[in-house]
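Peer 1: Residues per chain are reported as follows:
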Amino acid sequence: MALLKVENLGLSFAGLQVIKELNFSVEKGSIASLIGPNGAGKTSVFNCLTGFYKPNSGQIIFDGKGITRKRPYKITRRGMARTFQNLRLFKKMTVLENVMSGMHCRTSAGAIGAILRTGAQRREEAEIKEFCESCLDFVGILDEKDRTASNLSYGHQRRVEWARALATRPKLLLLDEPAAGLNFDEKQQLIELIKRIRDELNITILLIEHDMGLVMKVSEMITVIDYGQKIAQGNAEDVQNDPRVIEAYLGREEDEVA
Amino acid sequence: MIENHLIKKENQMRKTLMLSAIGGAVAGLFLCGQVMAADLKIGIMVPTTGSEATSGKDMENAIKLAAMEINDGGGVLGMQIETMTGDDACDPQQGTAAASKLVSADVAAVVGGYCSGATLPTLKIYGDANVPFVIAAANSTKLIDANMGNAYQINSTGFDQVATAVELFEKQGAQKIAVIHQGDGYSEDLAKLTRDKWTEMGKEVVAYEVVNKGEQDHSALVTRIKSKAPDAVFWTAYYADGALLIKQLRQAGYRNLIAVGDGSNSPKLLEIAGKAAEGVYCFSNPTVDYLPAAKDFHANYKKTFNQEPDAYAALAYDGMKLMADAINRAGSTDKDAIIKALGETTSFTGIAGPVSFTDKNTLARSNFVTLIAKDGKWMLNE
Amino acid sequence: MSIQDILLQQLANGLILGSFYALVALGYTMVYGIIKLLNFAHGDLYMIGAFIGFLALSVLSPLIGDSWVGILCSMVLSMIAVGLLGVLIQRIAYQPMLTAPRLSILITALAVSMILSNGVMAFTDGEYLAFSTDLGYEGLELGNVFITYTQMVLVGAAALLMTGLYLFVHRTMYGKAMRAIAIDQDACRLMGIHVNRIIALTFFIGTSLAASAGIMAGTYYGSIHFFMGFVIGLKAFTAAVIGGIGSIPGAMLGGLLLGLLESFGTQIPFIGTEWKDVFSFGILILLLVFKPTGILGRTEIERM
Amino acid sequence: MSGAILEIENLETHYGKIHALRGISFSVKAGEIVTLLGANGAGKSTTLRTISGLIRSTSGAIRFKGEDITRKPAHDIVKMGLIHVPEGRKIFKGMTILENLELGSFTLDDEEERRKRLEHVFEIFPVLEERKHRDSAFLSGGEQQMLAIGRSMMTDPTLLLLDEPSMGLAPFLVQEIMKIILRLNKEGVTILLVEQNAKVALKLADNGYVLETGKIVIEGDAQTLREDESIVKAYLGE
Amino acid sequence: MDRIDAKAPTSAEVTHPGGPLRWLESQKNRLIVLSVLALMAMFLPLISNNYVLEVMTNVWFYVMLCLGLNIVVGYAGLLDLGYAAFFAVGAYTTGILTSHFGVNFWLTIPAAVFFSICAGVIIGGPTLRLRSDYLAIVTLGFGEIVRIIARNLEITGGASGLIGIEKPSLFGFEISQISHFYYVFLVLACLACFVSYRLQHSRLGRAWQYVREDEDAAEAMGIDRVAIKLYAYVIGAIFGGVAGCFFAAKMTAISPETFTFQQSVLILLGVVLGGMGKIPGVIIGAFALVLFPEVFRDLGSSRILVFAIVMLVIMLYRPEGIWPEKKS
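Chains as they are written, first to last, in the working numbering: chain A, 1 to 258; chain B, 1001 to 1382; chain C, 2001 to 2304; chain D, 3001 to 3238; chain E, 4001 to 4328.
Rather than coming from a laboratory, the hints here were simulated on the basis of the structure. Everything numeric in this text was worked out from a predicted model, so none of it was measured. There's no promise every hint is true.
What the hints assert, rightly or not - Which stretches of chain C does chain D cover? Using the computed rule of at least three CB atoms under 8 Å from a CB of chain D, they are:
1. 2015-2022
2. 2168-2181
Claimed, not checked - With a straight-line cut-off of 25 Å between C-alpha atoms, the simulated PhoX-like cross-links for lysine-lysine are:
3. D:K3199 - A:K54
4. C:K2291 - A:K54
5. A:K217 - D:K3199
6. C:K2036 - D:K3093
7. C:K2036 - D:K3090
8. B:K1360 - E:K4028
9. A:K70 - C:K2291
10. A:K230 - A:K20
Claimed, not checked - Going by beta-carbon spacing under 7 Å, a handful of chain C positions derived as facing chain B:
11. Q2009
12. Q2095
13. A2217
14. Y2221
15. S2223
16. E2274
Glycine included, C-beta positions come from ideal geometry on N, C-alpha and C.
Kindly produce the complete structure, drawing on both the sequences and the hints.
Peer 2: The structure is reproduced here in structure tokens:
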């Protein structure tokens, strides 16, 4: 069953067509990837999915319901969480507070509860804390929970973003270039983590990546786009041998530069 | 870790320093409130800062001059007067602070009151403390209702001014008039009273307008007024904006009567408006320029402060003199006695004329006069 | 006066008032466009311009008289002096704040505004000063619409200055660099543009335009005061936002529009002088709600 | 290192808390095309931005034409003939094409010279001349790239730093751009090219360096790199 | 965010001995200092004259206003240049209801809260999507609109405003002396601190901070930024409204002149000077706001000038405000 279905998606900015008639779907419980060279429109696709851009045409169906052009927070509440390509942490806040932001949409205490510090409110706070700590534990940085986010290493900051996304209790997790800026060891850990999220937490994953090696290792279904259009789809092997993909990544072999 | 620790300690120190600074400031306040004991302390409440500072300082000078003269003449009941100024900045909040400051300093009486808005909330404070208060300039009719019995207004009230104004308009044969105020308590009060009185007389107020303080361009308003063709235009607010309005009215070709209220009684109006001001009428409380009795005061003031006295100098001066007179008559600095003596005033004649009070503690006889601008000077309109 | 005449006269009034607003709004918009700062002190620089013009005129008038020549000379002097003051303020107060939180720099601008107005207040004892010039009331009567020669000269001067600015910004290298900095500072550095120098130039021009408006207002209305910059600063700010802050033609348009709104607002039944400010602020708010970038403002595409 | 027009020694740069460059050394000889390769976030753009003075390095030295420019402000470096065409083109959208090009010659006072250079740019990019009075925002990606390169040529560069000129361009346009780069090189401009499109870049270049997390991991002449299996692997996986 | 709140020192600080201020670092000793300060505040009316009380009452009043604006500016990061409008709404609600309709003072408070919420929603609803600079002008315009409405309407007493507002009484005891009001405003200020503190350290408080730091990331985490901003606006409005009620009762006379743009700026200064978002900082800001001009009254008309220069210097050297940042 497809958890996410994108049909005929189109997006243009100031006359520039960024995404053209894009179709793809993500099966429930799978790890899927969206790849393509720089500037191919991958992040724009993510921004359409999560509501930050309003697509000009097409439909996005998530968990059986249309979410096209819905506000981002509503989409998150429906169960789609994302990370950002350039880290978007709340830099001056602690790691735990960062992760707690994810729980916001799953909790309800308001101003009155906060002022009176009612029993329900205190219980909820405790629950939030406990769950967020478990998220931090899951990504392996529980020890850092009281540090200010901006003081963490780059790799750990990425993990905070992950934990934060997990705290929204998503059905589908969108990862925007999770391997960017990571070294070899960190990439290996990343692959592991992605698999654990799917296997242990039952969360479907769609990632955008540049690093083909990583993508090939984790994904079950790969969609390749270039110039906002789908150019190939399939498993790692299919995609790797697709001449159009090779061309997009390495440049055309046969062309001679004068 | 050590670095963190040091930073924290530094923070700690800063915070402690800051707390001490606040403590110091509060302590400073205490010192401010305590003033050295004097023989007879009289409070002056006027705006010495803010937009009305010029007039306020002028009044302060006049009161101080009166006090100096009294002291030179042997003082009051053998005591020397020491003045203490509370700045109301023409702002209600600052006014209450100023009044509390004076009351806390245990003044025997207060003279002053320029802006009606700022004076209004202080009446309660002086009333609670039972401090005799001679209001020299502020004259909004609202002051009458808020008066707790201890305050006396020696400036004629809005009612008196309106009577003077209406009399002039009638005499000049006006049927349709335009009234313009500036959106503050004083000028709106005057404008409303004029409007009500004029319509009561069965005549027409064709325009009742407001000018926002600080705006310079009144051309739109001028066009509107001109289109209503009034026989007279009455500006009830202050001179600075009034001058601009007069200039622009004349520039746009309005040729009928223009009159301004006592807030506009200033040579500055003539200076700014230039020849446009020729023939403009002004209703005025007594000012030194044409008061025969004020000659000495005028000379003294100029000598002492090296400047010309402004519109309210004479009344402020009278206010101080009246207060001294009342204390002399009361024979003591007992507040009730002074208040009683003030109320019984009949024989006091200041440079602005004789003073006695109605049962509402306002001046019994209007001292409003009509001035006219001639050759760049205010003259008595005969 | 017939309704038609009244409306025509109000149109003229609105355009005259609007050209003052536009002149001051230009400085707001230029500074905002280039460093994204709402320079609250701009209205006060208008006021300082009037005061320096006053000083210059009182010094110059014995030499060259206080008619048009004298006014023109003191206007130029005042524009240069205030322009330099603007650059000084930018260097001392704004330059170090460019990396600070946005709110802090706004507060800094408020502080500068208070320093300027209260400084002049302390200096002049809060007095209104009267310009000695009297430019007369002669004018042209076009039907029932009356416009004085002075008004015509002032509007002409404002138009001239605005045209000059437009040509400067579009025809000279420095003007082009100014616009380019507003778009992308890094790219400008890579073109060999000394960004800080151009920013200083922008401040110079923006504030000297305000100063020119200040001295024109001083001679036209006849009096100056330490507080005179507040209301016009507020209005010019509004005008700049209506036109689309950051856009130079927008500021001109916004200024004229606000002038017209106010003068017609005065005339419209149930609005009148009492409600005209509510009317223009109300329109401002509505405009922003439905077109948040102002009339000529550009929408920016944000990148994730 | 005689003949080197640009020398980088042990360059380290921090981007906030991120240690973006961890000691990079390389050099570019006059007349060469040198390419920097690497994945996203490897530090290629940071290297260029540090060289052109947009960001300050933490340590290390940059020498251009033998002069130390490590602490020189960007606008002074431009005057020496070192021009950086940034990633994403950074053309001045909202201004016309002509204005964009004119700004490229901001440092020039000579009107005559400016006209000559303009003619030269229009000769290489006729498409720009056709539309010179149009708003540059409405150009297509390829045309924007041409404008960016054209703008840099208005400065009469000795050394051109090009950051991903092929990004987001259709293949035929990539070829077009590469031809232009070669042509500039033949006209005597030394080129330091950052590319993601490794094949294309290595075809053009004389020498190449591969960056990974702020360090140079592979270096060599383009021929060798082209045949290096590990490069292909790095880009396409196993 | 500042955890080192005067009210609740965290345990983190307790563990660092040494230094000349060593004893201040223990929670117990800091509590002692605080208690002494609290006692001083409580017994001030017994040892001081009316002037000091008047000024200190004003301090507590501004503490409440500044804390209210701090929720909007400091917590949610929205620039509001028309905060005096909310303060006006409260003051006029009390003024009109007590003087025209004879409503008991205490009953006007819920009414004021209601109208403040309405005002907050009316202005915040459509405008909170705007960029922050535009929000500044919109709030400024709103502030002016409220002032002009108050000036023009008959029911608000026009330009002269309302006089003779009834003094409140509590269980038959009339609150009329300045010392009474001192305690009323002290309690209000403490309440404002308490509510601010509780809000700051709650789910809502965190949400404000998320939105302030990065709107997009917050939205991606499922936070409805418009609703969250509106929440801040409305709560800030309630603070202002309630402060306005008591202001009206204390002054017994209110007029539009109190609710000008300058008043809004003054309150904003209090928030920023001390350090926005930090409760102790805001309190210090309010102190500075009221005490500085009083203490330097002798400077006469140039004291505002000096105040402004001090403000500029503080901004240049400590753009985050006087109160130190938390370091971690």
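Peer 1: Which hint numbers does the structure go against, in order from smallest to largest?
Peer 2: 1, 3, 8 and 12
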